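Novice: Single-letter residue listing:
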Amino acid sequence: MSFIADPIPFIITWLTRTMTSWGWPSEIVTVILYVLGALLLTVGAMVFTTMLIWAERKIGGRFQDRPGPNRVGPWGIFQTIADMLKIFTKEFITPVGADKVPYNLAPVLAVAAVLCVWAVLPFSKTVFGSNIGVGLLFLIAVGGLGEVAIILAGFGSNNKYALLGAFRAVAQLLSYEVPMVIVLLIPVMLTGSMGMNDIVAAQKIPFIVLAPVAGMIFFTSLIAENGRAPFDLIEADSELVAGYNIEYSGLKFGFFFVADFLHAFTSALIFATLFLGGWQGPGATNIPILGFIYLLIKTALVYFVMLALRFSLPRFRIDQMMNLNWKFLTPLALFTFMTTAVVNKVLPAGENLLRIGGLLAVNVVLWLIANWAMSSYMVRIPRPVVSGPRPVAVGEKKQAPKEEVAS
Amino acid sequence: MSPQQFFFIITAVVILVSALMTVITRKMMHSALWFVLALLGVAVIFALLEASFFAVVQVLVYVGAIAILIIFSVMLTRKAMEDTGSQVNKTWVISLLIVNLTAIGGFLAFRSWEVLGTFPTALMAEHYDIGELGMALIDPERFALPFEVTSILLLAALVGAIYIAFQRKEGKK
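Chains as they are written, first to last, in our numbering: chain R, 1 to 407; chain X, 408 to 580.
If you're looking for bench data, these hints aren't it; they were derived computationally from the structure.
In this text, all values refer to a predicted model and were calculated from it rather than measured experimentally.
Be careful, since some hints might not be right.
In silico SDA-like pairs for lysine to any residue, Cα to Cα no more than 25 Å straight-line [as the list claims (entries may be wrong)]:
1. K100/R to I559/X
2. K100/R to F460/X
3. K345/R to A568/X
4. K327/R to A568/X
5. K434/X to Y161/R
6. K434/X to I59/R
7. K345/R to K434/X
8. K327/R to G567/X
9. K86/R to G129/R
10. K100/R to A543/X
11. K100/R to L427/X
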């Protein structure tokens, strides 16, 4: 085992040998290595988030035709570090009547819920936190902890806006969990296992080819779970001021901020792992570090698409958001699940052309039906016209139409 | 003391304290939150027993769904949140007696059970197979009947809930 091809297991074996040679019992060595690994992974993720925030702000700036952060360091790369230093020195303000323990526990739990996900994601063939047999269920269960954190924040702040924001956030997160969980059954079905390592190992052909409709539903639900635009009703500032984190200041707000950005990146990581083949790629089984690089590239691609959507789409109204979930995504997810189950059983097993083609054909049909249903629904819903068309530039001199200004 | 015993004792203390606080705390919201902590502790116990499936399902169902439901209903009934009456009713002496007798009796009965003295052994790889659980649930020789009965019960609850919540739209054509 060479250091270049597979650095982390190399370091682990070296550390184990060193500590055993000091005469420490193997049980203690294992515990120390676990604690060290968890610490390094979480601290690494948190530090990585500072770069992530910079990247997102920069890309967002470019999307919206403005420079983005460009003052601190080259291309503004140290902007987040300056922001962090500022946030460290800010005062903690606890609102009057706040419930102290839930109020202070919420930011910690919000970050912890996201970091827990990293425990089961395989980063390469040899580097993963834990290969539990129910990895996929673990992902969903830990998502539930994030909702508890939001409720704690909303309840503990003693603020009506925070409480309303928390209610709305949890309603959205719980709703979008339904199609997400149904669709997650499809990778499980195609693999025959819920372990994350097995799911990645089964993706010689990425599941986005075998189940594109499922992948798209999952992608939409992930954006909604993040609370990013177009699903950013959680922090709809025109309606809720700031949502559940309105009463937080200083580092406590920073925790929510970090949790938000880390959650977005983690979602991209989950999508890349479940539908784009994770670390799979040419040569990744022999040289595991290559697999890590493949995973990073795939994740960056998914993340970029998420950012493109975030910075170019307007926000849904809350009834539109709920309609999209319950009247469109959930039935579509159920149909996709059932048809994929039948087709997957009928066609011969293995990676032959018939099975791939069959699954693809079924997905295309599903896609067409969904498209037809959605467009016919969009035609039927009434669209209230607030005001008539207002010509901005008129060529010849004309009587300007009387402007009907609302209110 | 092995690391496993160490974690077990900590978890057990957390579960007991939070279960007690669930009952004796004044604010209903706080007792719901203590309840969440107790449920999480049970999930940790499952994880210590290497029953990862049950640990995850415990978090998923109880913390992710039921606890949030309870918190929602507590929040929506704001009047009941600041309860000022007595926390016990008339029969608390008898209840305390019965509970204590049951606990002591159970303890004495279980003491003679030799499985308690043994230490749990590490599970083999084949015990991790969740497929076995799935097969057991649909096998008519084993648990197919209880499984189906449970699903019918849940379906009945679902239909009942919809019936109660449904508003007849008579005004609309």
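Novice: Just to be careful, I want the Cα atoms of K434/X and I59/R compared with a cutoff of 25 Å; is the pair within it?
Specialist: Violated, because 47 Å separates the two Cα atoms, which is more than 25 Å.
Novice: Take the C-alpha atoms of K434/X and Y161/R, compute the straight-line distance between them, and say whether it is at most 25 Å.
Specialist: 22 Å, holds
Novice: Taken at face value, is the distance from the CA of A568/X to the CA of K327/R at most 25 Å?
Specialist: 20 Å, holds
Novice: Is K100/R close enough to I559/X, meaning Cα to Cα at most 25 Å?
Specialist: Measuring from Cα to Cα gives roughly 44 Å; hence the hint is violated.
Novice: Is the Cα-Cα distance between K100/R and L427/X 25 Å or less?
Specialist: 20 Å, holds
Novice: Need the status of pair K100/R, F460/X: alpha-carbon distance at most 25 Å?
Specialist: 34 Å, violated
Novice: Given the hint that K86/R pairs with G129/R, does the C-alpha gap stay at or below 25 Å?
Specialist: 33 Å, violated
Novice: Could you grab the alpha-carbon distance between K100/R and A543/X and see if it respects the 25 Å cut-off?
Specialist: 47 Å, violated
Novice: Between K345/R and A568/X, does the CA-CA distance stay at or below 25 Å?
Specialist: 35 Å, violated
Novice: Against the 25 Å threshold, does the CA-CA distance of K345/R and K434/X hold or violate the hint?
Specialist: Status violated; Cα separation ~53 Å.
Novice: Are the Cα positions of K327/R and G567/X separated by 25 Å at most?
Specialist: Answer holds: K327/R to G567/X is near 22 Å, not above 25 Å.
In the structure shown, a violation is registered for the earlier hints numbered 1, 2, 3, 6, 7, 9, 10, in ascending order.
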